[in-house]
Amino acid sequence: MKALYVDRQTWQHRLPPRLKLIVLVTVSVAVFLLDRPLPLAIAALAGAACYFSAGMGLREALRRLIPALVTIVAVALFTLLFQSAAEAVTALLRLTALMLFAGAVTATVSITQFMDEITLAATPLEKAGLARAADIGLASALVVRFVPEILGRYEAISQAQAARGVRPRALATLMPLIILTLRDADSIAAAIDARGFRQP
Amino acid sequence: MKTRDLVLTALFAAIIVVLGVIPPVQLGFIPVPIHAQSLGVMLAGVILGAKRGALAVLLFLLLAAIGLPVLSGGRGGLGVFVAPPAGYLVGFVPAAYVAGLVSERLVRAGQSGGRQIAGFFVAAALGGIVIDHLLGIVWLAQSTGMGFSKAFLGDLAFVPGDVLKAAIAALAARAVMVGYPLLPQRV
Numbered sequence: 004m005k006a007l008y009v010d011r012q013t014w015q016h017r018l019p020p021r022l023k024l025i026v027l028v029t030v031s032v033a034v035f036l037l038d039r040p041l042p043l044a045i046a047a048l049a050g051a052a053c054y055f056s057a058g059m060g061l062r063e064a065l066r067r068l069i070p071a072l073v074t075i076v077a078v079a080l081f082t083l084l085f086q087s088a089a090e091a092v093t094a095l096l097r098l099t100a101l102m103l104f105a106g107a108v109t110a111t112v113s114i115t116q117f118m119d120e121i122t123l124a125a126t127p128l129e130k131a132g133l134a135r136a137a138d139i140g141l142a143s144a145l146v147v148r149f150v151p152e153i154l155g156r157y158e159a160i161s162q163a164q165a166a167r168g169v170r171p172r173a174l175a176t177l178m179p180l181i182i183l184t185l186r187d188a189d190s191i192a193a194a195i196d197a198r199g200f201r202q203p
Numbered sequence: 010m011k012t013r014d015l016v017l018t019a020l021f022a023a024i025i026v027v028l029g030v031i032p033p034v035q036l037g038f039i040p041v042p043i044h045a046q047s048l049g050v051m052l053a054g055v056i057l058g059a060k061r062g063a064l065a066v067l068l069f070l071l072l073a074a075i076g077l078p079v080l081s082g083g084r085g086g087l088g089v090f091v092a093p094p095a096g097y098l099v100g101f102v103p104a105a106y107v108a109g110l111v112s113e114r115l116v117r118a119g120q121s122g123g124r125q126i127a128g129f130f131v132a133a134a135l136g137g138i139v140i141d142h143l144l145g146i147v148w149l150a151q152s153t154g155m156g157f158s159k160a161f162l163g164d165l166a167f168v169p170g171d172v173l174k175a176a177i178a179a180l181a182a183r184a185v186m187v188g189y190p191l192l193p194q195r196v
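Chains as they are written, first to last, in the numbering used here: chain A, 4 to 203; chain B, 10 to 196.
Calculated directly from the structure, the hints in this document are not laboratory data.
Hints should not be assumed to be uniformly reliable.
Computed footprint of chain B on chain A; a stretch qualifies when at least three of its residues, placed anywhere within it, have a C-beta under 8 Å from a C-beta of chain B [said to hold, decoys possible]:
no.	region
1	9-19
2	68-77
3	81-95
4	113-126
5	142-148
6	174-182
7	188-197
With a cut-off of at most 35 Å between alpha-carbon atoms, the simulated DSBU-like pairs for lysine-lysine come out as follows [what the hints assert, rightly or not]:
no.	chain 1	residue 1	chain 2	residue 2
8	B	Lys159	A	Lys130
9	B	Lys60	A	Lys130
10	A	Lys5	A	Lys130
11	B	Lys60	B	Lys11
12	A	Lys5	B	Lys11
13	B	Lys11	B	Lys159
14	A	Lys5	B	Lys60
A partial selection of chain A residues facing chain B, derived with a Cβ cut-off under 8 Å [to be verified]:
no.	residue
15	Ile25
16	Ser31
17	Leu61
18	Arg62
19	Leu65
20	Met102
21	Gly106
22	Tyr157
23	Glu158
In this text, all values refer to a predicted model and were calculated from it rather than measured experimentally.
Cβ atoms here follow ideal geometry from the backbone N, Cα and C, with glycine treated the same way.
Please put together the full structure from these sequences, using the hints given.
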């Protein structure tokens, strides 16, 4: 898994991650409060300026935008068809602005910085005895570690079934995949406890 | 939370990521793709139970939010949480919770196989269809200004696919319960 963070040094990378997240939240609230095309167009332009100067390179930047743009254009066409042209333009500009700002933050805040912010946000929960901040990092690391393993297992199961002439069906592959994966839980948990990664 | 529960949660989040590698089906006329990831969400609820299931989905969404391409089609980042179909995504967490809660109430070890499958199906449908679609419709209607009635009509296109997924989830959950009984060891 390759993260969507772009490892470059632009002015946006140098801003503190917390500030960028606060700006993003403020912008998301603001674009829903605005409903005239002109301020929304300015927001979309500002978003585009941030997004395209986040150090991605034009090709990568456009590639990331396509799935989101397809949905946004579909929504705008839908609105145009059933409501007015003005509302279609408003929806198009508003969603595009949001998408661009969010994309810029994603490209300029690294996984480590995000984890620090999450740990900080989880501190009140930890004080209340509801969760442990360190567990969030451990669980995330486990997921990243086991995705390739489970993918490999999925391949192995489908190949074994194909060799036996079983037609590929979702259920037939899913059942052994889940059972085999969850069975590992005990030994992984024992390994974590044996190494003292988690305070009891 | 015991280490074993933490590991089960993480492993299931990883299973949900893997299910997203299977490419989604676009219907074209409504801006939401059909993907196997929502099947994974139903499965998390009915197999792991309410608490662990919801936490597995939350962990999965957390990884998407911090910019790992874990969503179907290699998507991720904060943008997906503000896009028109974001309600369906965020709704995954309560969906898994409700599916888990209902299956914990309906399904017991001593019941006949048919009753267990029926119980799992009701649980998966209530969480994965009723709860998730409700949140999806609310956000779709609010974020695009298309109104509830139109959002609801558009949503209906996805109900048949999700009913099918609930059925697959029910069969798989019963098979897992027989093959590796996890449900009795709830947190």
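The hints, checked one at a time:
Under a criterion of three residues with beta carbons nearer than 8 Å to beta carbons of chain B, the stated coverage of the region 9-19 of chain A fails, only 0 such residues being counted. With a cut-off of 8 Å between beta carbons, the region 68-77 of chain A has 6 residues touching chain B; three or more are needed, and the interface restraint holds. By the rule of at least three residues with a Cβ nearer than 8 Å to a Cβ of chain B, the coverage given for the region 81-95 of chain A holds, with 7 such residues. Using a Cβ-Cβ cut-off of 8 Å, 4 residues of the region 113-126 of chain A lie near chain B, which meets the minimum of three, so the contact claim holds.
Against chain B, the region 142-148 of chain A contributes 5 residues with a C-beta closer than 8 Å to a partner C-beta. That satisfies the three-residue criterion, and the hint holds. Under a criterion of three residues with beta carbons nearer than 8 Å to beta carbons of chain B, the stated coverage of the region 174-182 of chain A is upheld, 6 such residues being counted. Using a Cβ-Cβ cut-off of 8 Å, 6 residues of the region 188-197 of chain A lie near chain B, which meets the minimum of three, so the contact claim holds. Using a Cα cut-off of 35 Å, the hinted pair lysine 159(B) and lysine 130(A) is violated, with the two alpha carbons roughly 45 Å apart.
Taken as a hint, the lysine 60(B) and lysine 130(A) pair is honoured in the structure, with Cα atoms around 20 Å apart against an allowance of 35 Å. For a cut-off of 35 Å, the pair hint linking lysine 5(A) to lysine 130(A) stands: about 34 Å separates their Cα positions. Of the pairs offered as hints, the one joining lysine 60(B) and lysine 11(B) holds, with about 13 Å between alpha carbons and a cut-off of 35 Å not exceeded. Between lysine 5(A) and lysine 11(B), the direct Cα distance comes to roughly 30 Å. Compliance with the 35 Å bound is thereby established for this hinted pair.
Our distance criterion of 35 Å between C-alpha atoms is broken by lysine 11(B) and lysine 159(B), whose separation comes to about 46 Å. Taken as a hint, the lysine 5(A) and lysine 60(B) pair is honoured in the structure, with Cα atoms around 29 Å apart against an allowance of 35 Å. At about 13 Å, the closest approach between the beta carbon of isoleucine 25(A) and any beta carbon in chain B exceeds 8 Å, and the interface hint on this residue is violated. Annotation: interface hint on serine 31(A) holds; nearest CB of chain B at approximately 6 Å, less than 8 Å.
Given the 8 Å rule on beta carbons, the hint for leucine 61(A) is violated: about 18 Å separates it from the nearest Cβ of chain B. Of the supplied interface hints, the one on arginine 62(A) is violated, with its beta-carbon coming no nearer than about 16 Å to a beta-carbon of chain B, more than 8 Å. For leucine 65(A), the shortest C-beta to C-beta distance to chain B is roughly 14 Å, which exceeds 8 Å, and the interface hint is violated. Interface hint status for methionine 102(A): upheld, as the beta-carbon distance to the closest one in chain B is roughly 5 Å, under 8 Å.
Because the closest C-beta pair between glycine 106(A) and chain B is about 5 Å apart, less than 8 Å, the hint holds. With a least beta-carbon distance of about 6 Å to chain B, the hint placing tyrosine 157(A) at the interface is held under the 8 Å criterion. At its closest, the beta carbon of glutamate 158(A) sits 10 Å from a beta carbon of chain B; the interface hint therefore is violated under the 8 Å criterion.
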